[in-house]
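Peer 1: Here are the chains, one letter per residue:
Protein chains: 2
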Amino acid sequence: MSIPLIINAVGRAVPSEINGQAAIPFKGVGKHRPEGKKHAPSISTCSDYPDDGNKVVSSLEEALRRCGIKDGMTISTHHHLRDGDLISNMLFDIACALEVKDLVWFPSASFPCNEPIIKYLDDGTINRIEGSMNGPLGRYVSEGKMKGTAVLRSHGGRVQAIQDGEVKIDIAVLAAPSADPFGNARGTGGKSACGVLGYAKADYMYAEKVIVVTDNLIEYPCIPMEIEGNYVDYVVVVDKIGIPEKIISGTTQITKSPDRLLIAELTASFLEKSGILKDGTTLQAGAGGTSLAIAVFLHEILKKKGWKSKLGFGGSTKYMVEMLEQGQMGYILDAQAFDLDSVISIGKNANHIPYPVFNAYNYHSKGNLTSMMDIMILGATEVDLNFNGNVVTHSDGYLLHGIGGWQNCLHARNVILPIPLFRDRIPVIVDEVTTLCGPGELIDVIITERGIAINPLRTDLIESTRNSGLPLKSIKELKEEAERICGKPQKAQLEEDIVAVIKWVDGTVIDVVRKIKV
Amino acid sequence: MSIPLIINAVGRAVPSEINGQAAIPFKGVGKHRPEGKKHAPSISTCSDYPDDGNKVVSSLEEALRRCGIKDGMTISTHHHLRDGDLISNMLFDIACALEVKDLVWFPSASFPCNEPIIKYLDDGTINRIEGSMNGPLGRYVSEGKMKGTAVLRSHGGRVQAIQDGEVKIDIAVLAAPSADPFGNARGTGGKSACGVLGYAKADYMYAEKVIVVTDNLIEYPCIPMEIEGNYVDYVVVVDKIGIPEKIISGTTQITKSPDRLLIAELTASFLEKSGILKDGTTLQAGAGGTSLAIAVFLHEILKKKGWKSKLGFGGSTKYMVEMLEQGQMGYILDAQAFDLDSVISIGKNANHIPYPVFNAYNYHSKGNLTSMMDIMILGATEVDLNFNGNVVTHSDGYLLHGIGGWQNCLHARNVILPIPLFRDRIPVIVDEVTTLCGPGELIDVIITERGIAINPLRTDLIESTRNSGLPLKSIKELKEEAERICGKPQKAQLEEDIVAVIKWVDGTVIDVVRKIKV
Numbered sequence: 002m003s004i005p006l007i008i009n010a011v012g013r014a015v016p017s018e019i020n021g022q023a024a025i026p027f028k029g030v031g032k033h034r035p036e037g038k039k040h041a042p043s044i045s046t047c048s049d050y051p052d053d054g055n056k057v058v059s060s061l062e063e064a065l066r067r068c069g070i071k072d073g074m075t076i077s078t079h080h081h082l083r084d085g086d087l088i089s090n091m092l093f094d095i096a097c098a099l100e101v102k103d104l105v106w107f108p109s110a111s112f113p114c115n116e117p118i119i120k121y122l123d124d125g126t127i128n129r130i131e132g133s134m135n136g137p138l139g140r141y142v143s144e145g146k147m148k149g150t151a152v153l154r155s156h157g158g159r160v161q162a163i164q165d166g167e168v169k170i171d172i173a174v175l176a177a178p179s180a181d182p183f184g185n186a187r188g189t190g191g192k193s194a195c196g197v198l199g200y201a202k203a204d205y206m207y208a209e210k211v212i213v214v215t216d217n218l219i220e221y222p223c224i225p226m227e228i229e230g231n232y233v234d235y236v237v238v239v240d241k242i243g244i245p246e247k248i249i250s251g252t253t254q255i256t257k258s259p260d261r262l263l264i265a266e267l268t269a270s271f272l273e274k275s276g277i278l279k280d281g282t283t284l285q286a287g288a289g290g291t292s293l294a295i296a297v298f299l300h301e302i303l304k305k306k307g308w309k310s311k312l313g314f315g316g317s318t319k320y321m322v323e324m325l326e327q328g329q330m331g332y333i334l335d336a337q338a339f340d341l342d343s344v345i346s347i348g349k350n351a352n353h354i355p356y357p358v359f360n361a362y363n364y365h366s367k368g369n370l371t372s373m374m375d376i377m378i379l380g381a382t383e384v385d386l387n388f389n390g391n392v393v394t395h396s397d398g399y400l401l402h403g404i405g406g407w408q409n410c411l412h413a414r415n416v417i418l419p420i421p422l423f424r425d426r427i428p429v430i431v432d433e434v435t436t437l438c439g440p441g442e443l444i445d446v447i448i449t450e451r452g453i454a455i456n457p458l459r460t461d462l463i464e465s466t467r468n469s470g471l472p473l474k475s476i477k478e479l480k481e482e483a484e485r486i487c488g489k490p491q492k493a494q495l496e497e498d499i500v501a502v503i504k505w506v507d508g509t510v511i512d513v514v515r516k517i518k519v
Numbered sequence: 002m003s004i005p006l007i008i009n010a011v012g013r014a015v016p017s018e019i020n021g022q023a024a025i026p027f028k029g030v031g032k033h034r035p036e037g038k039k040h041a042p043s044i045s046t047c048s049d050y051p052d053d054g055n056k057v058v059s060s061l062e063e064a065l066r067r068c069g070i071k072d073g074m075t076i077s078t079h080h081h082l083r084d085g086d087l088i089s090n091m092l093f094d095i096a097c098a099l100e101v102k103d104l105v106w107f108p109s110a111s112f113p114c115n116e117p118i119i120k121y122l123d124d125g126t127i128n129r130i131e132g133s134m135n136g137p138l139g140r141y142v143s144e145g146k147m148k149g150t151a152v153l154r155s156h157g158g159r160v161q162a163i164q165d166g167e168v169k170i171d172i173a174v175l176a177a178p179s180a181d182p183f184g185n186a187r188g189t190g191g192k193s194a195c196g197v198l199g200y201a202k203a204d205y206m207y208a209e210k211v212i213v214v215t216d217n218l219i220e221y222p223c224i225p226m227e228i229e230g231n232y233v234d235y236v237v238v239v240d241k242i243g244i245p246e247k248i249i250s251g252t253t254q255i256t257k258s259p260d261r262l263l264i265a266e267l268t269a270s271f272l273e274k275s276g277i278l279k280d281g282t283t284l285q286a287g288a289g290g291t292s293l294a295i296a297v298f299l300h301e302i303l304k305k306k307g308w309k310s311k312l313g314f315g316g317s318t319k320y321m322v323e324m325l326e327q328g329q330m331g332y333i334l335d336a337q338a339f340d341l342d343s344v345i346s347i348g349k350n351a352n353h354i355p356y357p358v359f360n361a362y363n364y365h366s367k368g369n370l371t372s373m374m375d376i377m378i379l380g381a382t383e384v385d386l387n388f389n390g391n392v393v394t395h396s397d398g399y400l401l402h403g404i405g406g407w408q409n410c411l412h413a414r415n416v417i418l419p420i421p422l423f424r425d426r427i428p429v430i431v432d433e434v435t436t437l438c439g440p441g442e443l444i445d446v447i448i449t450e451r452g453i454a455i456n457p458l459r460t461d462l463i464e465s466t467r468n469s470g471l472p473l474k475s476i477k478e479l480k481e482e483a484e485r486i487c488g489k490p491q492k493a494q495l496e497e498d499i500v501a502v503i504k505w506v507d508g509t510v511i512d513v514v515r516k517i518k519v
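Those protein sequences? They're chains V and U, same order as listed. Throughout, the working numbering is defined as the position within the first sequence, counted from one, plus 1. Throughout, the working numbering is defined as the position within the second sequence, counted from one, plus 1.
Worth double-checking, as some hints may not be accurate.
Since the list gives no way to pick out one identical chain from another, each pair is judged satisfied if it fits inside one copy or across any two copies.
Mimicking EDC-like on lysine to aspartate or glutamate, the simulated pairs with C-alpha atoms at most 20 Å apart in a straight line are [to be verified]:
hint	residue 1	residue 2
1	K247	E496
2	K349	E36
3	K102	E450
4	K32	D52
5	K39	E167
6	K477	D72
7	K474	D385
8	K311	D52
9	K71	D498
10	K32	D53
11	K38	E209
In case anyone wonders, no lab produced these hints; they're calculated from the structure. Computed from a predicted model, the values in this text were never measured in an experiment.
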């Protein structure tokens, strides 16, 4: 690659151009000042739409044709159907049949169920994916097989990129568990309910053309309107938009591992003893097995103390719903539902509310929910001695995960990473993260089964836990302990070629992912 | 005025330039095709806003200063506090004290309570009002005293103008009955509840700077978020945003006039006998005294027949709420609440839902609710032999009313105008309307106490009511009858000077208002 690299504010060499578009290197947290105006899609007129509000067309193919699908377009989808999504694959089956080439797929996330997309990356239907690449797609990218360069953004960064016009969506294809013929749609009802459709909002507001695809066409008005029909061009009815049992992710099982349970217990204990957990606290618990256990422990503490969390921010789970229903949580503000209990709760509890991603996560906005959150529980594939975090690659260099809301959530008051000291005998705490997704200055506490490391910047937390009896260690001590057990890990074997870039929440480039040496 | 006039598609002479900005003459219903992109406000960054989400500043003056208020800016307000609004006047008191000049006031409507604004039009603080001018402000404009030319738009036309960038709002000052320190706000709660805040949405989405003013600061999160805090720059707390007893308009009293009751009865009878009223019908009833009586009569028919209206579109009133609560209406979709019963209903009935003006009324959108409505009951100050309607001026030429959603609602399937044959011995049906606000092709039926005139274009309705026993007449017969009683009305005595222009729903100019000859 002949594009010049620039060393950014966290010392990573990043390209000045990505897929033919100029790129800005990361300048430091809060340092980049955006200029210019938001993206402005074309003005429509009602005279082009049916007076009776019926926008149903016969098939997705018909809708794509009417939207003028052509080579090089950017097609967006949302990920609320998670690993049960049937629409993204169907969409590219059609694009391929129509012999359209060089598309950009811009999902809010992708899942292993999207593995069939690989054949369309191979045959040139799709030039590249801009979005998370879990599992097989990530492996494909890591091996240098994708034509274009992948661009990974956080959920908030994706909204920022759409709003700012860095990514211009030509056609948004939005699966909807319920929709009316006008295109109003929601995440509840029908056989493919996913709870909320928050990640579709930026897409329908800013895309040139919008197609709603549903397997549950209901009479107008489809209320609440998570997708507003006045932004929608066509409505398509299909047999099935998703596989119900896979829409609800299997990740929402409490860990049974004794080590992970210990981490969860230590985390709850740390939050209590440090004084971070208090009456009126705001928290996001997450949906991993350890996070769920933490939610259960925190719930117990709240009950014991007679305290109430003011609000929880979702991805929601059964365990947050229990806090809400039993009176230990005031509201759940929700960007996505991870399990069936959450889907049901959104439908019936007035204080379990779909929350706009613009408001929660978009850094190019007038404030975000995340910076107001007291407790933020997050994961990582690696953390390094400077508390920098990695969530996208493993230590072997393979790109296997998306960023999700992780970067956005780093702006919370207390960012806690409960992580095992090692996974499959590979240390999680390392000298330097393989991919730097979040700068260490935003990561406050690392909690492992063998000790807790507080970021030296957080002198307040060091002070408040001094005589707590908690197993406090330096991060260096934790790293050395891991290496004593597992040995010094091998650095990933990588080529020079850049296969993916990682954007920061402000659209600048914080790091890259390089091709695996095979 | 030396600006050339152009004869538009309805034969009215309109200027090619208004307040220094090029203007497009009306081309016919659905004929103007907009070009270009939507308006794009500047990109913000969270780094300019407090991490704790607290945007409260000490006063409205402080907020206006921080927004950089200066000469020539456009300042917008909403009208949900109706004749009880205290914020608009306060705003210009401050602007005057700061010696700012030539502002454009861009309210979603103005009311008699805004009469104090006249002194700021006199002293040059305000150059012009773009918005409705009820009562004293209208009289002032009609007498040629306002420096700039008034621009009147429908509610939907206002949203269209904001979205399309015809009007660029520098600062939106949005009164909110409840708000949190982040700027999330709603129309319910507190001492100044007005029900919904739908007309503030275009303002906060597209303004460069947004100030929320509340007398009821509540803890975050203020749910539901009718104003989304991530668009808000500052929050100001004042003692009172409005006078509660005037927020709820006195217009929502059923008429006691026997003539008006007869009109209401005839209207209900016409809707029943013509077959327009049916099970599953969608309707907007309006809030005038006659309209309220019509709602009551329609409710009785629905009950009698065992029918249910699928939905009613608000401005909501007690009588729509009764239909909803008693099971004769499925939903109320609401843009504004006219009375206390409606305000309460919105707060408690899950099927009484704030409805976005973008979706209902914005013609530069991908479809509108209004074109899907079966029954649309509207008023008029004048109707002419071609069924053209006037809602802004009286026959004496004085500009005394706003357009409201009237033009937008003309797109419904059946537009019914129940109007008296004369008011204060002045005929309402005339040869030619003083000001043409809506083309006759969209107005279907005129119902007076002395007979019903169906637009000849509606051969279907003429057919379906042929043997109904209804007092059907031609509009010419109705006009002649009025003139036999009241005499031929005098034409308004007007100068050449244009004091206001009337925009159509697509931003083109449909007519002008001229200065009164005194």
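Peer 1: Determine for every hint whether it applies to the structure shown.
Peer 2: Against the structure, the hints:
For the identical chains of this complex, K247 and E496 are neighbours neither inside a copy (36 Å) nor across copies (72 Å), given an alpha-carbon limit of 20 Å. When the C-alpha separation of K349 and E36 is checked against a cutoff of 20 Å, the pair qualifies neither within a copy, at 42 Å, nor between copies, at 43 Å. Taking the shortest alpha-carbon separations for K102 and E450, neither the intra-copy value of 50 Å nor the inter-copy value of 66 Å comes in at or below 20 Å. Taking the shortest alpha-carbon separations for K32 and D52, only the inter-copy value of 15 Å comes in at or below 20 Å, while the best intra-copy value is 49 Å.
In the homo-oligomer, the alpha carbons of K39 and E167 lie at most 20 Å apart both inside one protomer (10 Å) and across protomers (17 Å), since each shortest distance falls under that limit. In the homo-oligomer, the alpha carbons of K477 and D72 never lie at most 20 Å apart, since the shortest distance is 51 Å inside one protomer and 60 Å across protomers. With identical chains, the CA atoms of K474 and D385 are at most 20 Å apart within one copy only, with a shortest distance of 14 Å there and 86 Å across copies. Only between protomers do K311 and D52 lie at most 20 Å apart by alpha-carbon distance; the minimum there is 17 Å, versus 45 Å within a single protomer.
Taking the shortest Cα distances, K71 and D498 never come within 20 Å of each other, neither inside one copy (29 Å) nor across copies (53 Å). For the identical chains of this complex, K32 and D53 are inter-copy neighbours only, at 19 Å across copies versus 50 Å inside a copy, given an alpha-carbon limit of 20 Å. In this homomeric assembly, K38 and E209 come within 20 Å of each other (Cα to Cα) both inside a single copy, at 17 Å, and across copies, at 10 Å.
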